[in-house]
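Student: Chains as they are written, first to last, in the working numbering: chain R, 1 to 114; chain V, 1 to 116.
Please note that the accuracy of each hint is not assured.
[Claimed, not checked] Derived Cβ-Cβ restraints for the label pairs, each shown as a range: (1) E20/R x K17/V: 32 to 38 Å; (2) I60/R x A2/V: 32 to 38 Å; (3) Y18/V x I113/R: 42 to 48 Å; (4) R22/R x Y18/V: 28 to 34 Å; (5) R64/V x G62/R: 40 to 46 Å; (6) Y18/V x P79/R: 46 to 52 Å.
Think of the hints as simulated: they come from the structure by calculation, not from any bench.
Even for Gly, the Cβ is constructed at its ideal location relative to N, Cα and C.
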Amino acid sequence: AQSVTQPDIHITVSEGASLELRCNYSYGATPYLFWYVQSPGQGLQLLLKYFSGDTLVQGIKGFEAEFKRSQSSFNLRKPSVHWSDAAEYFCAVGSSGGYQKVTFGTGTKLQVIP
Amino acid sequence: GAGVSQTPSNKVTEKGKYVELRCDPISGHTALYWYRQSLGQGPEFLIYFQGTGAADDSGLPNDRFFAVRPEGSVSTLKIQRTERGDSAVYLCASSLKGTGVSDTQYFGPGTRLTVL
């Protein structure tokens, strides 16, 4: 069965500092991997996704993620965090066969301090 | 264009009551998904519709939960004999096809259900 682990429940960074959110997945075949962001009162928004090819994926809002098969990881990064990035971030894995049944991690809540 | 909408945004009910939660997907999207997000957790898959039929309902926790999509557009999640443990945010998502590498799920804002 597919699963996702986000080891950090809560992270605090200073505005302008770099950010890395960790994600480890478990899936038997080549996974579909996603990062979503959830702001209070808003729905989940897709930041980026990986299916195949280039292991460094660019997303919206200046985010990127790197797929590392050897480490079963898909960490999310941003070089300079803005106060508006404060939200909860979810890593997810989807099945590559049939329809995209997506399994989410438990999320990492990002706090940005001035 | 309009995104996925869900009504009501908040629902408070008493234990044992019946509730219906509605989802309006993006127009033209054939795939529709329901998820449940409990406090401090990520969304958990409940059911997937392809058109009018439930293609995968393996995530429904028990037979008190049921969902329909009679015309292949709007979907209703129905919960009978609600329990306090049903309290959560219920999320709906839709996607164009449901399959394929380019298919993306778009989420609604959710319905927060509180069972007293």
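Student: Any of the earlier hints contradicted here, and which numbers?
Tutor: 1, 2 and 4
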